[in-house]
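Novice: Sequence:
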Amino acid sequence: MSTLKANALLDTSGNVLSRVLQVKYTHTTIAGNLSNGDTISQLTTNITPSATSSSILVFVNFGLVSSDSAADVGFDILRDSTTLQVGSGGSGSPGNVTSGCFTSQGNSTGYSATALIIDDEISTTSQVAYSVVARPNSGRQFTINRRGLDNALHCQSRMILMELPSVN
Numbered sequence: 001m002s003t004l005k006a007n008a009l010l011d012t013s014g015n016v017l018s019r020v021l022q023v024k025y026t027h028t029t030i031a032g033n034l035s036n037g038d039t040i041s042q043l044t045t046n047i048t049p050s051a052t053s054s055s056i057l058v059f060v061n062f063g064l065v066s067s068d069s070a071a072d073v074g075f076d077i078l079r080d081s082t083t084l085q086v087g088s089g090g091s092g093s094p095g096n097v098t099s100g101c102f103t104s105q106g107n108s109t110g111y112s113a114t115a116l117i118i119d120d121e122i123s124t125t126s127q128v129a130y131s132v133v134a135r136p137n138s139g140r141q142f143t144i145n146r147r148g149l150d151n152a153l154h155c156q157s158r159m160i161l162m163e164l165p166s167v168n
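Numbering (my numbering), first residue to last: 1 to 168.
Careful, some of the hints might be misleading.
Unchecked claim - Below, a list of computed lysine to aspartate or glutamate pairs in the EDC-like style, where the Cα atoms sit at most 20 Å apart:
(1) Lys24 with Asp150
(2) Lys24 with Glu163
(3) Lys24 with Glu121
(4) Lys24 with Asp80
Stated by the list, open to error - FRET-style restraints, in silico, Cβ to Cβ:
(5) Leu153 with Ser123: 40 to 46 Å
(6) Ser41 with Ser166: 45 to 51 Å
(7) Val86 with Asn151: 30 to 36 Å
(8) Phe59 with Asn96: 17 to 23 Å
(9) Leu21 with Asn96: 19 to 25 Å
(10) Ser81 with Tyr25: 35 to 41 Å
(11) Ala70 with Leu153: 16 to 22 Å
(12) Asp150 with Ser53: 30 to 36 Å
Note that these hints are calculated values from the structure, not bench results. This one's a predicted model, so the numbers in the text were calculated from it and none came from an experiment. The beta-carbon is built from N, C-alpha and C at its ideal position, and this holds for glycine as well.
Can you make the complete structure from the sequences, with help from the hints?
Specialist: Here's what the structure looks like:
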């Protein structure tokens, strides 16, 4: 049997072939209500990039999100304390967020919500933590992994991080 070892694989133009360098995964079945600014600590996921030129593909999926009543609900994705890729021009509460789940929905509704971003500004080989912060509007609550009204339906939420070589 032979063993092939290489630092990088190149295409015929000399470009490094893309591949996933590492994957980190966290999931939770915790069900409950969160207020604006609450971190969903059970989804916090750490990764240590292998190169300063790497990018991190961040995938967040809430199996079910709901609210206490007639809420607008979004969430932020943070790398350590830096909020990533928020909108601009939002005038209300919660205003500018990384991703939105729903608007004007109450406690008898529930949705799956997913955000997918590429963090291409990481520039470190030190461990970083990615987390999710709830952003419901005006004193409302963000319900995770169950319908807001009752316990009729429960599920899981997850965060997946994938280190990629530099993304153009």
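Novice: Are there hints from earlier that the structure breaks, and if so, what are their numbers?
Specialist: Failing hints, ascending: 1, 6, 9, 10, 12.
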